[in-house]
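Participant: Take a look at the letters that make up each chain.
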Amino acid sequence: MAYQSTGVDFRTRLQDWIPKLVLSPSLAAMLIFVYGFIVFTFYLSFTGSKMLPSFDLVGFENYAKLWNLSAWWVAVVNLMIFASLYITICTAIGLTLAILLDQKIRGEGVLRPIYLYPMALSFIVTGTAWKWIMDPGIGIENSMHLWGWTSFQFNWIKDRDMAIYTVVIAAVWQTSGFVMAMFLAGLRGIDNEILKAAQIDGASNFSLYRRIVIPMLRPAFLSAFVILAHLAVKSYDLIIALTGGGPGRATELPATFMYSYTFTRNSMGIGAASAVIMLMTIAAIMTPYLYAELKEKS
Amino acid sequence: MAAVEQDTAVRTGGISRVFIYGILLIFMLFYMMPLFVMVANSLKPLGEITGGNMMALPEVWTLEPWRQAWSAAQIGVEPTGLKPYFLNSILMVVPAVVISTILGALNGYVLTKWSFRGDKIIFGLLLFSCFIPFQIVLIPMATVLGKLGLAGSIPGLVLVHVVYGIGFSTLYFRNYYASFPTELVRAAMIDGAGFFRIFWRIMLPVSGPIIVVTVIWQFTNIWNDFLFGASFGGQSQPMTVALNNLVQSSTGVKEYNVHFAGAILAALPTLIVYIIAGRFFVRGLMAGSVKG
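So the sequences go chain by chain: G and U.
First residue of the first sequence: 1, per the working numbering; consecutive thereafter.
First residue of the second sequence: 1, per the working numbering; consecutive thereafter.
Don't read these hints as lab results, they were simulated from the structure.
Take the hints with a grain of salt, since some may be wrong.
Mimicking DSS-like on lysine-lysine, the simulated pairs with C-alpha atoms at most 30 Å apart in a straight line are [unchecked claim]:
(1) G/Lys50 - U/Lys147
(2) U/Lys147 - G/Lys234
(3) U/Lys254 - G/Lys158
(4) U/Lys120 - G/Lys295
(5) G/Lys234 - U/Lys120
(6) U/Lys254 - G/Lys20
(7) G/Lys20 - U/Lys120
Stretches of chain U that chain G covers, calculated by requiring three or more beta carbons in the stretch to come under 8 Å of a beta carbon on chain G [said to hold, decoys possible]:
(8) 69-75
(9) 89-97
(10) 117-124
A virtual CB, placed ideally from N, CA and C, is assigned to each residue, including glycine.
Take the sequences, apply the hints, and build the full model.
Facilitator: Here it is, written out as structure tokens:
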């Protein structure tokens, strides 16, 4: 009996191992290049690394220095302004467009792809286009003047106090269509029997949306928030292409701060500390969401 | 009352119809405007931009800015145009997309049909890795690429994009295969089919749509990447980095028309994919955000 099953055993054993072997290169890559690197950067943030990684521990010195740097505070405050406006405006535009598009619109098939195409572009392309569109010398301001509105002023991109809002404009242009698509998918998933019943009860269109439809879109709101928040924290390319962090330091974000402190200012320890803070911010947003998503499925 | 076909359409009168179409059209103009500006101004002589209206169509139509952007503009120190960088991007994107898609398909297959203890944790770790800010890996990656002798090379960029692309490609295939009946796989196992045979004969033939979604997603992301290209590109910079160098160059006259032509060249591959397969592009976006 025993010798009969050895052949089968070997085969099943092998079959047991093959899936794990197939998964192992990806697993190894992930453990090294993602989690190993996170640990490494975390470690570096406690060292006195300057131009190259070094391993002399200095405790929390880098974090203390970081939070005393006005450049870091500028980046953090900018991120708060940018993220809150970006998330709010994208959600508002996305929801409005989705609701309006869902009213049996003729030409929906044409409008939807037009709203969404910016998402296919690189932030560098978006940044380049908006950089010159918002340039007071050749862009919208100039066009308005040529059309006869000579007092029109739009020089935010050159204005230290307003430049961060030009980043919001370009970023909203790029992503709001995507948020529209998320809400539209949510709307299309709502059972219309509920709505019909409410309509028969005499609910007005406005209260129909406020009381019934929008509360039912909760999952879409949550997804939109998480996606937009994590995009905001990661924003780097758009800043580089649109303003280069300027004028002065007016549009620096944590991502551009990290890059310049690490690679051009030779303060790798501080750069690593700022990267750790970015990661923690995103982890605080993503982990509960991903956990809930995974739990729901199983 | 007309039958309500679309889920949340409400009864609206003539005036509010006009209002709705009005808003939708205004937003259409908002989204189209930058594309119009890029195309129109890439076909103008420079003088018409600096001395004219950016929102107007060209008076003299010219393809010269396109030729300049493609093969003559100064990028960094060399007057090569964007052509060599376009080729760099292609050489980087094709292998990175192929490898990450194949690995994603195999991982998704293992995680759904050959589940084992701990597979949930592995998937959770992979999923989280999709969303990390890449600043957290830049320093060690620079060190490791240097040690491997891959710094500033196309293979180095391919490695980086594969490593950070596996998370999403696995996510897509896992969610797709999860809804595929496991009984069929069981039945094939009882018939004596092995791991690869089942993958090849049963899973792959039904994987068409998800392969398209994954390839498009990876292609768009990798083509559009700037951070890794700028950090590790060295002599093999991709298109996005070259475009940025072209636009930001501080020497000489700012040739806006060439910048716009270059921007369109950088956008063209992903835009074409979007136009041809927009449906799949949207599916990828949604699958990457609203899982399930």
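Participant: Could you check the structure against the hints above and give me the numbers of any it violates, in ascending order?
Facilitator: 6, 8, 9
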